[in-house]
Structures are given as C-alpha cells and as structure tokens.
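Student: Sequence:
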Amino acid sequence: MLAWDKRPNTLTRVGNLLMDQREHAKALELFDKAANSLRDWNYKELLMSLAKCRAKLGQSEDLVKLADQLLRSNNAEWRLQNLQGWLSAEGFHDLAARVIESRLKKLPEKLDLYAALAAAHSDAGRVAEAFAAYESAAKVFSTARLGELQAGLANLLLERNWIGEALKRREAADSPLLTGALIEVFARSSEKSERATTLAQVAAGFQTDSAELQIKLADALARMKRNDEAAVRHERRALRGPEPTPPDSEVAGTGHSFRGLVETDRRRTRSRCDSPRSVAWFEPVGKPAPVCLCPHHAPQPGGSARDFVAGF
99 MLAWDKRPNT LTRVGNLLMD QREHAKALEL FDKAANSLRD WNYKELLMSL
149 AKCRAKLGQS EDLVKLADQL LRSNNAEWRL QNLQGWLSAE GFHDLAARVI
199 ESRLKKLPEK LDLYAALAAA HSDAGRVAEA FAAYESAAKV FSTARLGELQ
249 AGLANLLLER NWIGEALKRR EAADSPLLTG ALIEVFARSS EKSERATTLA
299 QVAAGFQTDS AELQIKLADA LARMKRNDEA AVRHERRALR GPEPTPPDSE
349 VAGTGHSFRG LVETDRRRTR SRCDSPRSVA WFEPVGKPAP VCLCPHHAPQ
399 PGGSARDFVA GF
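Positions in the sequence shown are counted from 1; adding 98 to them yields the working numbering.
Simulated from the structure, these hints should not be mistaken for laboratory data.
Check each hint, because a few of them may be wrong.
[What the hints assert, rightly or not] Just the calculated beta-carbon pair ranges, DEER-fashion:
#1 Lys290 - Arg120: 22 to 32 Å
#2 Ala271 - Glu143: 43 to 53 Å
#3 Glu292 - Leu115: 48 to 58 Å
#4 Lys154 - Asp272: 38 to 48 Å
#5 Glu263 - Lys237: 19 to 29 Å
#6 Lys266 - Glu159: 45 to 55 Å
#7 Glu263 - Glu121: 19 to 29 Å
#8 Phe239 - Lys131: 40 to 50 Å
#9 Ala230 - Arg111: 20 to 30 Å
#10 Ala271 - Glu127: 46 to 56 Å
[Claimed, not checked] Listed next, the in silico DSS-like pairs over lysine-lysine satisfying Cα-Cα at most 25 Å (straight line):
#11 Lys203 - Lys163
#12 Lys124 - Lys154
#13 Lys290 - Lys237
#14 Lys204 - Lys142
#15 Lys237 - Lys203
#16 Lys154 - Lys142
Bear in mind that the values here come from a model prediction, so they are computed numbers and not experimental data.
Ideal Cβ positions, reconstructed from N, Cα and C, are used throughout, including at glycine.
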C-alpha cells in the first residue's frame, strides 16, 4: 500500500496496524513521517498515537514533549486524561507520573491531578512520593479545600492498606492533612476491623480544628465503646461555639435549634452539665428529647438557639 499511497492519513492507518502487531519501531517511523505533513483535524489523534508508541519504546523525554503539545490542543484535558489512563493500564506508571507532573506545571490549581499523581506513584510502588503529592497539594490550596484532600488521602490509605505507614509518618511529622485523613479512615472502618482497633488506640492524640472531623471522631470512638473519649471530643466541639444553623434544623417537637453543639446526629454522648436534674445522655436528632432538664439549661418556650447556647 505504501508503495503507491504515501498520504499522511495512510501512513497513520498503517502505523496503527503495526502498533497492533507490536511493531513499535516501524510504527514510530511512519507516525513521524505523517506528523511532518499532517495538520488537519486528525493531527491531535496522530500525536496520541505517537505518544503511545514512544511509551512502548521507553522514550520518556519525547513523550513529555508530546504531552506539552497536547496541552495546547483543543480538548486537551480529555486527550491527556485518555493518555494517562492508557499509560496506567499498560503499566507505564513512571511515564504516567511524568505526564501528570507536566500538566501540573501548567495547571497547579487542578486538585484532581494531585490525586492522580499520588495514584501513579503508588502504582509504581513509590510510597513516599505518593504521600508527597498530597502534601504538595496541601501547600497549594487554602484550608477551605483541606477536607477534599483529607478525603482523597483517606481513599488512598484504604485502597493501599497504608494505615500503618500513615501512622509512622504522623509520628515523625504530624500535619492537619494526615491527621484528618486518618480520622476519615477511622470513621469509615467497621468497629470489628483490625484497623479500627489500631486507630482507636491512638485516637486520643488526634488534634483537629474541624468541627466535622471532631464529630466523626467522636462517632467512631463511640462505636468502639470508648464513651469517655467520645464525650471529650463532643465537649471540644461544643466549646467552639455554635455554627450558623438553617432555620429548619430543629429538634423535633421543641422548635429549638441546637444541632452540632454538643449532640451528634448518629450517636449519643454524655452531658456536660453537672446538675442533678441534667439528662445523662443526649438523644439523636429527630427524637423529641431536650438536651438538659436543669433550670439553667432547659430551652424555654420562645427561647432562641442563642439563648440556649449561652447556658453552656
């Protein structure tokens, strides 16, 4: 065919056939010839074929250059995501990491790229680099997105069973990112699991400024029958003061809003009030039980959430 038809599209089609036959060197030669003259809408697809061919031949530097070219193309995100997926599926984890790093230089604000980089490093067996990817993201993004990073790192820890590794790293250098991720893991773990038992033993040292994580940690501790430790977490949550609460967030049957102050939506915890008339336990949201029955703390008819909180 090539003896009489040397058009770029023909060279590309034959090159793809050679790729299917694992004749990567011959395919690369045809792709290079086609790239020298092809500039129509098929050109970006040709670059994808070139990138895959160079990956098969271990030409990492040329592959990164092609990734840079693809970054400037239409549908760049889709094409590079496709390339990353192909590299990972083919086992080229080092090359996938390099492509992602190249993208991050141009798009440092894309949070999902840090997760993809961590996954590529973990697939390649590089544990330290996987953690470093999330640590780099924590330096780039504000605390407003810390929860997303903590959840992403928790996913990685669970997927790779890196709980022990994470605990070692936390002992060496604690960080809000790592502590939050471990709390997320603890919250997602069954009370009968080995990792829940392990985390329960060290949970007393977990420090977080996140009210949401305080509640998750308290719930997890309560499931492990560590009620005193759970109560401490709820007290810390209460001492932070009330958060803005939507008008319809009320305790059923009372008309008073106090969700998130010292109770939890799934578990019970001890009352902070020392009054002999105080209820010993708070009930889950949705049950018409007052938090405290002492004269100082009990919600009064027509009282506001602010008045109620002031008692604490």
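Student: For every hint, state whether the structure bears it out.
Tutor: Each hint, compared with the structure:
1. Lys290 - Arg120: 22 to 32 Å: At 49 Å between Cβs, range violated.
2. Ala271 - Glu143: 43 to 53 Å: Check passed, 46 Å falls within 43 to 53 Å.
3. Glu292 - Leu115: 48 to 58 Å: holds, 52 Å
4. Lys154 - Asp272: 38 to 48 Å: The hint (38 to 48 Å, Cβ to Cβ) holds, given that Lys154 and Asp272 are roughly 43 Å apart.
5. Glu263 - Lys237: 19 to 29 Å: holds, 21 Å
6. Lys266 - Glu159: 45 to 55 Å: 35 Å Cβ-Cβ, so the 45 to 55 Å window is violated.
7. Glu263 - Glu121: 19 to 29 Å: With a Cβ separation near 42 Å, Glu263 and Glu121 fall outside 19 to 29 Å, so the hint is violated.
8. Phe239 - Lys131: 40 to 50 Å: Distance hint for Phe239, Lys131 holds at roughly 45 Å.
9. Ala230 - Arg111: 20 to 30 Å: With Cβ atoms ~43 Å apart, the hint is violated.
10. Ala271 - Glu127: 46 to 56 Å: holds, 50 Å
11. Lys203 - Lys163: With a Cα-Cα distance of about 13 Å, the restraint between Lys203 and Lys163 holds, given a limit of 25 Å.
12. Lys124 - Lys154: holds, 12 Å
13. Lys290 - Lys237: Not satisfied, since the Cα-Cα distance of roughly 36 Å exceeds 25 Å.
14. Lys204 - Lys142: holds, 19 Å
15. Lys237 - Lys203: holds, 15 Å
16. Lys154 - Lys142: holds, 19 Å
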